[in-house]
Amino acid sequence: MKVVDMEECHYQAVKEIYELGIVTGNATFQTEAPSWEEWDKNHLTHSRLVAVGEHEMVMGWAALSPVSGRCIYAGVAEVSVYIHPEHQGKGVGKKIMEELIQKSEEHSLWTLQAGIFPENNASLRLHERMGFRKIGYREKIGKMKNVWRDTVLLERRSKTVGV
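Residue numbering for the sequence shown follows our numbering, starting at 17 and increasing by one per position.
Be careful, since some hints might not be right.
What the hints assert, rightly or not - Straight-line Cα separation of at most 30 Å, DSS-like style, residue types lysine-lysine; simulated pairs:
| id | residue 1 | residue 2 |
| --- | --- | --- |
| 1 | K161 | K175 |
| 2 | K18 | K110 |
| 3 | K106 | K31 |
| 4 | K110 | K175 |
| 5 | K119 | K150 |
| 6 | K159 | K57 |
| 7 | K150 | K111 |
| 8 | K110 | K31 |
| 9 | K18 | K111 |
| 10 | K119 | K18 |
| 11 | K18 | K106 |
| 12 | K57 | K119 |
| 13 | K57 | K110 |
| 14 | K18 | K175 |
| 15 | K31 | K57 |
| 16 | K106 | K175 |
| 17 | K150 | K31 |
| 18 | K150 | K106 |
| 19 | K175 | K119 |
| 20 | K31 | K161 |
| 21 | K119 | K31 |
| 22 | K159 | K18 |
| 23 | K18 | K161 |
| 24 | K161 | K119 |
| 25 | K111 | K161 |
| 26 | K57 | K161 |
| 27 | K159 | K31 |
| 28 | K150 | K110 |
| 29 | K57 | K175 |
| 30 | K111 | K31 |
| 31 | K106 | K119 |
| 32 | K156 | K31 |
| 33 | K175 | K150 |
| 34 | K57 | K18 |
Honestly, the hints are just simulated from the structure, not real lab data. Everything numeric in this text was worked out from a predicted model, so none of it was measured.
Turn these sequences into a full structure, and let the hints steer you where they fit.
Structure (structure tokens):
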């Protein structure tokens, strides 16, 4: 397995993995995957990664979104990480998150945030292993299928940027 920069040609596989996450009901509030153009517009142009295996098969992906358009938050981004169910529990998440953190710091980001459903134990464990800490619990932050959902807010502060 190797981690490479995501290109538009990877998006069909990225989209399929995202859709598998949507189906679980515990990965995102989104109900459908966006077009490439919409996805591209809503994510930072750097720190977009895919983990690829044999025959360049995409096993997972990670990307960052700005948390705000205000310049004061220019060093803060929200993490998205999705691993294909067939490759979960095999170290793909750890590898791609290590690369994502490194890339984020190369681009002067000092804080990474994640909002994770409390039922998504695998994602919570991954983020905590990668140095994220729980900083809050957002009760009834949004509705999904007319049911209020909570999220756990996590953050990782860089030890090298903004210290």
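### Query
Going straight from one Cα to the other, do K57 and K161 come out at no more than 30 Å?
Distance of about 26 Å is within 30 Å: holds.
### Task
Could you grab the alpha-carbon distance between K31 and K161 and see if it respects the 30 Å cut-off?
Roughly 21 Å separates the two Cα atoms, so the pair holds.
### Query
If you draw a straight line from the CA of K150 to the CA of K111, is it 30 Å or shorter?
The hint holds at about 21 Å.
### Query
Would the pair K18 and K175 pass a check requiring their Cα atoms to be no farther apart than 30 Å?
holds (25 Å)
### Query
Given the hint that K175 pairs with K150, does the C-alpha gap stay at or below 30 Å?
Roughly 17 Å separates the two Cα atoms, so the pair holds.
### Query
Taken at face value, is the distance from the CA of K57 to the CA of K31 at most 30 Å?
holds (15 Å)
### Query
Does K150 pair with K31 here, judged by a C-alpha cut-off of 30 Å?
holds (28 Å)
### Query
For the pair supplied as a hint, K161 and K175, is the alpha-carbon distance within the 30 Å limit?
Between K161 and K175 the Cα gap is close to 40 Å, so the pair fails against 30 Å, i.e. violated.
### Query
K106 and K175: Cα distance at most 30 Å?
At roughly 27 Å apart (the allowed maximum being 30 Å), K175 and K106 satisfy the hint.
### Task
Sort out whether K31 lies within 30 Å of K111, counting only the CA atoms.
The hint holds at about 20 Å.
### Message
Tell me if the straight-line CA distance from K106 to K119 falls inside 30 Å.
### Response
Judged against 30 Å, a Cα distance of about 22 Å means the pair holds.
### Query
Does K57 pair with K110 here, judged by a C-alpha cut-off of 30 Å?
holds (26 Å)
Hints 1, 22, 23, 24, 25, counting from the list given before, are not met by this structure.
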